[in-house]
Each structure stands twice: as C-alpha cells, then as structure tokens.
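**Student:** Each chain, written out:
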Amino acid sequence: MIKFIFRRLLMMIPVLIGVSFVIFSMLYFAPGDAADVILGDLATPEDKQLFRAEHGLDKPFLVQYFNYMKGVVTEGDLGTSYVTRQPVTIEIMERFPATLQLSAMSVFLAVVIGVTVGIISATRQYSFIDHLATSLSMIGVSMPNFWQGMMLIIIFSVALRWFPPSGFSTPMHWVLPAVTVGTNASANIMRMTRSSMLEIIRQDYIRTARAKGQTEAVVIWKHALKNALIPIITVVGLSFGRLLGGAVLTESIFSIAGVGKLMVDAIKLKNFPMVQGGVLFIAFVMSIVNLVVDVLYSFADPRIRSMYTRPRTRKAATAKEAA
Amino acid sequence: MSDTILEIKDLVVHYVTDRTTVRAVNGISISLERGESLGLVGETGAGKTTTALSIMQLIPDPPGRIVSGEIRYEGEDLVAMSPARKREIRGNQVSMIFQDPMTALNPVLTVGDQIAEVVRLHQKISRAKATVKAQEMLELVGIPGERYPEYPHQFSGGMKQRVVIAMALACDPKLLIADEPTTALDVTIQDQVLDLIEKLMTGSGTSLILITHDLGVVAEICQKAAIMYAGEIVEYGTLPHIYQNTQHPYTVGLFGSVPNLNEDVDRLRPIKGLMPDPTEVPAGCVFAPRCPEASAECSAAPAPVVEVEPGHFVKCHKRRGGGSK
Ligand SMILES: Nc1ncnc2c1ncn2[C@@H]1O[C@H](COP(=O)(O)OP(=O)(O)OP(=O)(O)O)[C@@H](O)[C@H]1O
Ligand SMILES: [Mg+2]
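These protein sequence lines map, in sequence, to chains W and D.
Position 89 (the first sequence) corresponds to 93 in the working numbering; numbering is contiguous.
Position 113 (the second sequence) corresponds to 206 in the working numbering; numbering is contiguous.
Derived from the structure by calculation, the hints contain no laboratory data.
This structure is a prediction, so every number in the text was calculated from the model and none was measured.
One should not assume that every hint holds.
[Claimed, not checked] Derived, one-sided and incomplete: chain W residues facing chain D with beta-carbon distance under 7 Å: (1) Asp208; (2) Tyr209; (3) Arg211; (4) Thr212; (5) Arg214; (6) Ala215; (7) Lys216; (8) Gly217; (9) His227; (10) Lys230; (11) Asn231; (12) Asp305; (13) Pro306; (14) Arg307.
[Stated by the list, open to error] Label-pair distances were calculated between CB atoms; the ranges are: (15) W:Phe25 x D:Ala221: 56 to 64 Å; (16) W:Ser139 x D:Glu232: 50 to 58 Å; (17) W:Gly171 x D:Ala221: 53 to 61 Å; (18) W:Ser139 x D:Glu386: 58 to 66 Å; (19) W:Ile234 x D:Glu239: 27 to 35 Å; (20) D:Ser175 x W:Met142: 35 to 43 Å.
[To be verified] Straight-line distance between alpha carbons at most 20 Å, and here's what the computed SDA-like set of lysine to any residue pairs gives: (21) D:Lys217 x W:Thr219; (22) W:Lys226 x D:Arg213; (23) D:Lys179 x W:Glu220; (24) W:Lys230 x W:Thr219.
Beta carbons are placed, not taken as given, at the ideal position from N, Cα and C, and that holds for glycine.
Taking the hints into account, I'd like the entire structure generated from these sequences.
**Tutor:** In structure tokens:
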C-alpha cells in the first residue's frame with residue numbers, strides 16, 4: 005500500500021508539469037503585457053523595459069518557464085503577486101484555510117445528509133419519502149449557488165436575522181455558506197447513494213445476510229452500504245476537489261476571503277503570477293484528493309486492494325491445499 | 094404427528110409486476126418429518142426456489158407475495174409470525190444453501206466473518222469463540238481454517254459453495270434447504286459437495302429439502318420426493334412410490350422410460366413441449382398441453398389430487414380410478 009501511494013505521488017509529477025506548462029504558455033501568449041498592467045498607461049517605454057528586465061520578462065519563453073519551475077520546485081516559490089508585491093505562495097496559504105474549512109464543512113454536511121437520505125430513499129423505493137427526496141434533490145442539483153446564497157441571505161439574515169449575511173469568522177457565519185455550497189453536493193451524493201443502493205440491495209448476498217437472521221439495519225448499513233461505497237466515494241471526492249479550488253460565487257456573495265475569490269480578483273487585475281500559481285496549486289490539491297480517493301477505494305473494496313497488495317496468506321494456503 | 098417439523102398447506106405465491114402476475118406457486122402442500130429428507134424436483138421455472146424462499150420468508154416483496162396458505166414450522170405459522178421471531182428462526186433453526194454460490198457471498202467481507210456472523214447472531218458467545226467456530230466450520234467443509242481472513246474473490250466456485258454450506262450449517266439447523274447446491278459446480282466437485290452434505294446430515298437429526306434437477310441425486314439422498322410442475326406438485330410420495338410405482342405422466346416423462354430405483358438415472362430427459370407460461374396458467378390440468386394421455390376432461394377442469402396408495406399423491410384426472418394404469 006505504501007508502495008502504491010508512493011508510485012501515485014510520482015505519477016503526479018508529470019501531471020503537474022503538464023498543467024504548469026499549459027497555463028504558463030497560455031498566459032505568456034495572452035495579449036496584454038504585465039508591464040502595461042502594473043505600470044499603467046502613463047509609464048514610459050523605458051520604465052517598462054526596466055520592469056521587464058527586472059522580472060526576467062525579456063528572456064525567451066522556455067528560459068522564463070524553466071526559471072519559474074526552478075523556483076517552484078526548489079523553494080515552493082510561485083512568483084510574486086503584481087498587486088500586493090507579496091509572494092504568491094503566502095497569499096494562497098493565507099486564503100486556503102477558509103476555503104478548506106468551507107469545503108470540509110459543506111462536504112461533511114453533504115455526506116451526512118446525502119448518504120442518509122439516499123439510503124432511506126433506496127430502501128423505500130417509490131414511497132412518498134422517496135418521491136419527496138428525489139424531487140428535492142432535483143431542485144438541489146439545478147439551483148444555482150449564487151441564487152440560493154442570496155435567497156438564504158434574504159430569508160435568514162435580512163428577514164429573520166438568525167445568521168450574519170457575510171464574513172467567515174464565527175460558527176454562526178459558517179452556516180449559510182456551508183449550506184449553500186453543501187446543497188449541491190448533498191443532492192449529488194444522495195442521487196448516487198440511492199441508485200447505487202438500489203442496485204446492491206437486489207443482490208443475492210443481501211438475501212444471504214437476511215437468511216442468517218440478521219436485522220434489517222445491519223443488512224442495509226453494513227452489508228449493503230459497504231458494497232455501495234465506491235460510486236459514493238467517487239462523487240464525494242469530486243465535490244470536495246472542486247470545492248477546494250474555491251467556491252467562487254459563494255465566496256463572493258458571503259465575502260469570504262478564500263482561494264476562489266483570490267483567483268477571480270487576480271484574473272480581473274491580470275495578476276499573472278497569482279493566476280498561474282493559483283491554477284498550479286489547485287491542480288496539486290486535486291491530485292492529492294484523487295490519490296486519497298484511490299486509497300479509499302481500496303479500503304472499501306478488497307478486490308481493488310488486492311491489486312495493490314500481495315496477499316501473504318494466499319500462497320501458503322493454496323500450497324497446503326494441493327498437498 | 095408431533096414429529097412433523099414442516100407442514101406447508103395450500104401455499105400460493107405470486108409475483109405481481111405492472112402488467113402481469115406470475116403464478117409461481119399454486120397451492121402446494123408438503124409435510125416433512127424430523128430427520129427426513131425430501132427431494133423437490135422439477136424443470137426450470139417450476140417454482141422450486143420460490144417454495145424454498147417462502148419457507149425462509151425471503152420472497153422479494155415487491156414483486157413477490159404469499160397470497161394464501163400456511164407454512165407451519167414446528168406448529169408455528171411462519172407467514173403470520175412477527176419479523177423478530179422470523180429472524181430468530183432464520184439461519185438458526187431453518188437455513189438455506191442458495192442456488193448460486195458465486196453471488197451468495199458478500200464480496201467486501203471476509204469469508205470467515207461471514208460465517209462467524211451467523212454464529213454470533215444466534216449464540217451468545219464472544220467474538221473470539223465465534224472466530225474459532227467459524228474456522229472449525231471451514232475445516233469441516235474441507236477448507237483450511239487459516240483462510241478465514243480471505244475474501245470471496247480469492248476462492249474458487251467450489252470453495253465458495255463450501256463456504257455457503259458451512260454458513261448454513263454453522264448453527265446446527267433443524268431444517269436445511271439446499272437449493273440446487275451443485276448445479277453451479279463442475280461434475281467432479283458436484284459429487285464431493287453432495288457427499289459432504291450427506292455426511293453432515295447423517296446422525297444430526299436435521300431434516301433436508303433438496304432442490305435438484307437430478308433424479309439420481311434424490312434416489313441417493315432422500316426418502317421422499319415431490320415432483321413440481323408449473324407451480325404445482327404433481328406427484329408426491331416416498332422413493333419407492335415415485336420410482337417404482339410412477340403414476341403421473343409428467344414423472345414418467347422425467348424418467349424417460351421405465352424407471353427403476355436400481356438403475357442409474359441421469360439428468361432429466363427432455364419432454365416434448367414447453368412448460369406453460371406462468372403468467373397464463375391453463376384452465377384445466379397444467380400438464381394437459383404436453384401430456385401424452387390427455388383427453389377432453391383434462392383441459393376442462395384442474396386435476397384433482399388422488400391418493401393412489403397411502404402417502405402417495407398424484408394430481409391427475411386419469412388416476413381418479415384410484416389405482417395404477
Ligand atoms: N423476483 C421475481 N420476479 C418475477 N418473477 C419471478 C421472480 N422470481 C421468480 N419469478 C418467476 O417465478 C417462476 C418460478 O421461479 P423459481 O425461481 O421459483 O423457479 P425454479 O423452479 O427455482 O427454477 P430453476 O430450476 O431455474 O431455479 C418463474 O416463472 C420465474 O420467472
Ligand atoms: Mg431455482
């Protein structure tokens with residue numbers, strides 16, 4: 005298993021190099037030059053030339069890319085923000101905790117609600133509860149985040165005054181954003197749980213578990229759910245990965261200083277190093293999430309696990325049997 | 094009468110889907126004494142598994158439903174029983190070996206834990222003791238106990254079948270239902286598994302319902318046989334009744350020619366025609382369309398059950414005279 009994780013970490017390297025190269029060339033060849041953006045219209049051509057030389061922007065493309073990557077690899081340096089003159093790495097790290105917290109809370113909420121409701125729906129297929137849950141999940145999937153966020157603010161902040169409308173400092177601040185972001189994810193998780201469970205509870209081994217005299221609760225939550233986990237883990241991983249890249253609209257609506265908002269601002273101001281560093285960082289986080297998802301797969305399913313680990317007892321046992 | 098462990102009376106089971114009703118079991122009656130074994134024989138779709146699942150109270154609902162009838166286990170009606178009481182009996186007093194071992198085991202739990210689970214459910218013993226018991230059960234069916242922590246995908250089909258058998262026998266059931274325990278296996282292993290079941294049965298006082306296509310197996314293991322056709326039991330009696338005084342034309346057809354208990358009877362011989370579509374059971378005798386002896390009265394009314402000799406029942410118009418042909 006350790007070997008597998010290590011191998012997967014190595015496989016991340018070419019992915020990240022590819023991403024960095026693509027994003028670097030896109031920004032390099034994009035119209036609009038950093039010197040124009042930063043120094044403004046009033047700067048003289050000499051000033052601009054000086055600026056370019058100072059930032060190494062006059063060097064050939066490949067040299068620039070190589071220098072950039074050298075910084076990234078050797079000292080985790082993603083460049084310097086044009087706007088704040090701060091290292092990009094530090095800016096991202098300042099914003100990331102809020103995004104991580106929002107994502108984790110939303111996904112936690114989504115898993116608890118999505119899996120529970122999905123299982124109830126599946127075990128009572130076509131009942132009133134199932135129809136209600138399925139309809140609500142349709143709404144949950146199709147409701148845009150920004151609209152839902154604003155509605156929640158209007159109802160729960162403006163009208164009822166239960167929760168503050170913006171900021172992310174106290175637990176009271178966390179509720180509305182987490183619900184906004186979590187709605188979508190929980191609807192997705194619920195639908196996946198339901199369909200996966202519907203398939204599993206018709207399997208013969210579920211009947212075997214019942215034939216042992218096992219209680220319905222254990223049959224569903226142990227025998228069935230464990231088998232239904234793979235697709236559920238997949239959607240949870242996807243949702244979490246996507247959220248870690250920043251819930252752009254939600255962060256804007258609730259004025260949360262997260263990665264999403266940072267990226268949007270950087271794009272608006274043509275803050276190239278920030279955009280570049282941000283994309284690379286998000287790609288890195290996504291790769292890690294994918295790796296975690298793969299590891300979880302192998303915990304959920306011994307058939308997947310056995311592809312990565314060599315069973316120790318196996319050889320001895322078969323040899324013995326043959327004898 | 095007190096030694097009757099299982100008594101099924103006029104059991105009717107339907108599978109109701111949107112458009113059709115499959116009449117899988119139509120008024121069958123069976124009774125089984127303690128320690129006795131009954132062979133339930135019939136071609137595919139006759140309703141054998143449905144009968145077995147009714148006894149286990151595991152008919153998938155929807156679409157399945159026990160429409161009417163009684164299933165008395167030691168005098169208690171299983172159909173009307175509370176779910177908690179059913180769970181007490183299942184896996185403990187009545188257990189079942191399922192038709193397809195490839196899908197009967199949970200792929201994400203170790204085989205050992207799956208055996209230990211049923212032990213822990215019905216016996217108040219510690220986890221460690223249950224593990225030991227599960228290993229003993231594995232050894233009993235010829236699998237080394239150290240394979241306890243392995244998963245079903247690491248086992249061959251024959252070994253899975255053994256695990257399923259070990260699971261069914263772990264709590265020393267009073268009634269064991271074996272649903273075609275060998276059809277999924279290749280011929281050499283078939284004999285081993287049957288020998289195993291036979292060995293495990295002898296001396297334990299367990300009653301057995303053996304579902305099979307193979308009349309030879311029934312002759313080897315069972316004392317009684319019930320021949321099922323299109324959801325009905327068309328002939329029912331002891332082995333000598335069925336094998337030496339065969340009455341129903343369908344049973345005769347199964348044996349192919351003159352049957353003989355001492356002769357080696359192999360698998361079912363094909364009979365001309367097909368079993369009626371269980372969604373449209375014929376008005377008269379269900380076998381009439383394929384019966385070589387059928388006459389007008391056969392397709393007019395359902396066949397009566399005739400006791401041609403004590404304990405030997407035949408569902409046929411032609412045997413109403415009360416004797417052999
Ligand atoms: N879940 C179900 N839904 C609808 N119809 C079913 C279902 N299970 C069984 N049936 C139908 O009920 C009838 C009897 O099926 P059953 O499984 O009892 O046959 P069987 O005698 O065990 O056959 P086999 O020898 O192939 O196992 C068949 O016509 C089958 O199509
Ligand atoms: Mg069957």
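**Student:** Please name the hints from earlier in the document that this structure breaks, with their numbers sorted from lowest to highest.
**Tutor:** The structure conflicts with no hint, since it agrees with every one listed earlier.
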